Amino acid sequence: DTGVSQDPRHKITKRGQNVTFRCDPISEHNRLYWYRQTLGQGPEFLTYFQNEAQLEKSRLLSDRFSAERPKGSFSTLEIQRTEQGDSAMYLCASSLAWTSGTYNEQFFGPGTRLTVL
Amino acid sequence: QKEVEQDPGPLSVPEGAIVSLNCTYSNSAFQYFMWYRQYSRKGPELLMYTYSSGNKEDGRFTAQVDKSSKYISLFIRDSQPSDSATYLCAMSSLQGAQKLVFGQGTRLTINP
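Keeping their order, the protein sequence lines are chains D and Z. Residue numbering for the first sequence follows our numbering, starting at 1 and increasing by one per position. Residue numbering for the second sequence follows our numbering, starting at 1 and increasing by one per position.
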């Protein structure tokens, strides 16, 4: 396994179009996170899954955003009716769920850079 | 006010210098403190993490956490041009999502 992969790496779309991104986590990882990073800022948490269950969503995740993780494997993040403010790098990370006394690193993918014209 | 504050720089130093990067935070629930390195147009990669207060050393890198002051630092000794990147501090609590809360990132350039 070579790590977390994301597809596509770059996406240019026109305002109002729908886009979908895919993340393939490290195979044995049961947690999957989505973050958004705008230029000059650190990543911000959007949502996370433990196995196939989406357990938390940030207030940043408007109703135009939806994420899924069918069968607890890969995940998709869809943005409907894109706006220019959605332009950002969308990062996926995966980890094992933390257990008492053990820190499990979140491994990040290379990100999908979205540009909304 | 953001939960985690980090000076965005940019910071430019000569090769071989000691670099000091810092973050402050406001959430007392944070228990794990991480430093990530991010190269341009890449995902962040973990450099090191510290649990609660204390110091941790890994080669040329030393992380310090002072929970009483809500202040964390990363020191880079004998800095190399290959250390040029954006350095992000990140923090997490033990509860719930254990999501990472990042600082803004400091852009560092090491000049040969």
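Hints may contain errors.
Okay, derived cross-link-like pairs now, DSSO-like style, lysine-lysine, Cα gap no bigger than 30 Å in a straight line [unchecked claim]:
#1 Z:Lys2 / Z:Lys56
#2 Z:Lys42 / Z:Lys2
#3 D:Lys71 / Z:Lys70
#4 Z:Lys70 / Z:Lys56
#5 Z:Lys56 / Z:Lys67
#6 Z:Lys2 / D:Lys71
#7 Z:Lys42 / Z:Lys56
#8 Z:Lys2 / Z:Lys70
#9 Z:Lys67 / D:Lys14
#10 D:Lys14 / Z:Lys56
#11 D:Lys11 / D:Lys71
#12 Z:Lys67 / Z:Lys2
#13 D:Lys11 / D:Lys57
#14 D:Lys57 / D:Lys71
#15 Z:Lys70 / D:Lys57
#16 Z:Lys70 / D:Lys11
#17 Z:Lys70 / Z:Lys42
#18 D:Lys71 / Z:Lys56
#19 D:Lys57 / D:Lys14
Don't read these hints as lab results, they were simulated from the structure. All values derive from a computational prediction rather than experimental measurement.
Hints, one by one, checked against the model:
With a C-alpha separation of about 26 Å, the suggested pairing of Lys2 of chain Z with Lys56 of chain Z holds against the 30 Å cut-off. Between Lys42 of chain Z and Lys2 of chain Z the alpha-carbon distance is near 24 Å, which keeps this suggested pair within the 30 Å criterion. For the hint linking Lys71 of chain D to Lys70 of chain Z, the alpha-carbon distance of about 40 Å lies beyond 30 Å, and the restraint is violated. This hinted pair checks out: Lys70 of chain Z and Lys56 of chain Z have alpha carbons roughly 17 Å apart, not beyond 30 Å.
A distance of roughly 14 Å separates the Cα atoms of Lys56 of chain Z and Lys67 of chain Z; the hinted pair therefore holds under the 30 Å criterion. With a CA separation close to 35 Å, the supplied pair Lys2 of chain Z and Lys71 of chain D exceeds the 30 Å bound. For the hint linking Lys42 of chain Z to Lys56 of chain Z, the alpha-carbon distance of about 26 Å falls within 30 Å, and the restraint holds. Distance check on the hinted pair: Lys2 of chain Z and Lys70 of chain Z sit about 13 Å apart at the alpha-carbon level, within 30 Å; holds.
In summary, the hint linking Lys67 of chain Z to Lys14 of chain D is not supported, as the alpha carbons are separated by about 46 Å, beyond the 30 Å threshold. Between the alpha carbons of Lys14 of chain D and Lys56 of chain Z the distance comes to roughly 47 Å, so the proposed pair goes past 30 Å and is violated. Only pairs whose Cα atoms come within 30 Å are accepted, and Lys11 of chain D paired with Lys71 of chain D is accepted, the gap being roughly 26 Å. Restraint check for Lys67 of chain Z and Lys2 of chain Z: satisfied, since their Cα atoms lie roughly 17 Å apart, inside the 30 Å limit.
For the suggested pair Lys11 of chain D and Lys57 of chain D, the alpha carbons sit about 23 Å apart, so the restraint of at most 30 Å is met. Between the alpha carbons of Lys57 of chain D and Lys71 of chain D the distance comes to roughly 19 Å, so the proposed pair stays at or under 30 Å and holds. For the hint linking Lys70 of chain Z to Lys57 of chain D, the alpha-carbon distance of about 27 Å falls within 30 Å, and the restraint holds. In summary, the hint linking Lys70 of chain Z to Lys11 of chain D is not supported, as the alpha carbons are separated by about 39 Å, beyond the 30 Å threshold.
The hinted pair formed by Lys70 of chain Z and Lys42 of chain Z meets the criterion: a straight-line CA distance of about 29 Å does not exceed 30 Å. The straight-line distance between the Cα atoms of Lys71 of chain D and Lys56 of chain Z is roughly 39 Å, outside the 30 Å bound, and the hint therefore fails. Restraint check for Lys57 of chain D and Lys14 of chain D: satisfied, since their Cα atoms lie roughly 26 Å apart, inside the 30 Å limit.
Violated hints, in rising order: 3, 6, 9, 10, 16, 18; the structure is consistent with all others.
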